[in-house]
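Novice: Sequence:
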Amino acid sequence: MAGRYGEDVLAGDWRRRKVTPEVDAEPDLVVEDADSGFCGAVVGFEASAVVLEDRHGRRRVFPLLPAAFLLDGEPVTLRRPARAPVPAARRRTASGSIAVADVRARVAKASRIWVEGVHDAALVERIWGDDLRIEGVVVEPLDGIDALDAEVRGFGPGPGRRLGVLVDHLVPGSKESRLVARVDSPYVLVTGHPYVDVWQAVKPAAVGIRAWPVVPPGRPWKEGVCAALGVAEPAELWRRILSRVDSFADVETPLINAMERLIDFVTEPD
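Residue numbering for the sequence shown follows the UniProt record's numbering, starting at 1 and increasing by one per position.
No lab work stands behind these hints, which were simulated from the structure alone.
Hints are supplied without guarantee of correctness; some may be wrong.
To be verified - Below 30 Å or equal to it, Euclidean Cα-Cα: the simulated DSS-like pairs (lysine-lysine) are:
| id | residue 1 | residue 2 |
| --- | --- | --- |
| 1 | 203 | 175 |
| 2 | 222 | 175 |
| 3 | 203 | 222 |
If you're wondering where the values come from, they're calculated on a predicted model, not measured in any experiment.
Please model the entire structure based on the sequences and the hints provided.
Specialist: Rendered as structure tokens:
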């Protein structure tokens with residue numbers, strides 16, 4: 001008979017010989033150590049062992065051996081549960097919006113945003129460039145706004161062809177405010193910030209200074225700032241300023257608010 005059926009199936013440790021299911025040792029899972037009869041809930045791990053705690057608060061450590069535990073009276077092999085993957089943090093653009101991955105820039109829309117000069121355009125690109133490419137909105141620099149009303153008429157704003165204009169030093173009673181008042185179209189939004197130049201919209205701390213120098217009236221503002229900071233050329237100082245701007249946190253709130261309004265306006269469905 002022994003030759004017919006082979007080895008004695010009851011010989012040795014039958015729990016180790018039997019193929020048993022594997023179970024994740026999740027917290028609070030109640031199991032029994034098959035050898036000692038200690039019954040408790042999973043409360044942690046130590047190296048390749050599990051820590052069980054019984055109803056009296058006593059804790060014991062047991063190695064994670066095959067078929068070493070009983071679950072509902074049946075042998076099981078406990079295993080450490082795989083760590084849940086940590087979701088990747090959402091990448092944000094320099095403007096603070098959530099970045100959209102694997103999306104090409106849209107074909108440019110007819111709508112536009114105008115700014116007063118190349119420095120303004122560079123700063124806007126630095127912070128809002130990703131957002132504008134996704135929306136398909138082009139930013140174009142002007143050479144000042146002295147002829148803004150004529151420029152707007154030449155653009156021909158209308159449904160599906162909106163225009164947003166960012167103006168420096170847009171404060172009550174200024175020359176800029178009088179020029180802006182000439183523009184009257186429901187398809188044009190002119191807004192701006194109170195700073196003499198877009199340089200001043202960059203926070204002084206970002207540039208490494210305590211405050212922007214006060215330039216006497218009648219002197220070109222950029223030249224006065226360069227002289228006060230000991231920089232020979234405005235181009236040199238501008239490169240330094242732009243290199244210190246990494247996100248919207250490096251510029252003043254009025255500029256942020258003005259740009260967000262313009263982007264919303266030119267992307268609003270007609």
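Novice: Does each hint fit the structure? Answer for all of them.
Specialist: Hints, one by one, checked against the model:
1. 203 / 175: Status holds; Cα separation ~25 Å.
2. 222 / 175: holds (18 Å)
3. 203 / 222: OK: residue 203 and residue 222 at ~16 Å, within 30 Å.
Of the numbered hints stated above, none is contradicted by the structure.
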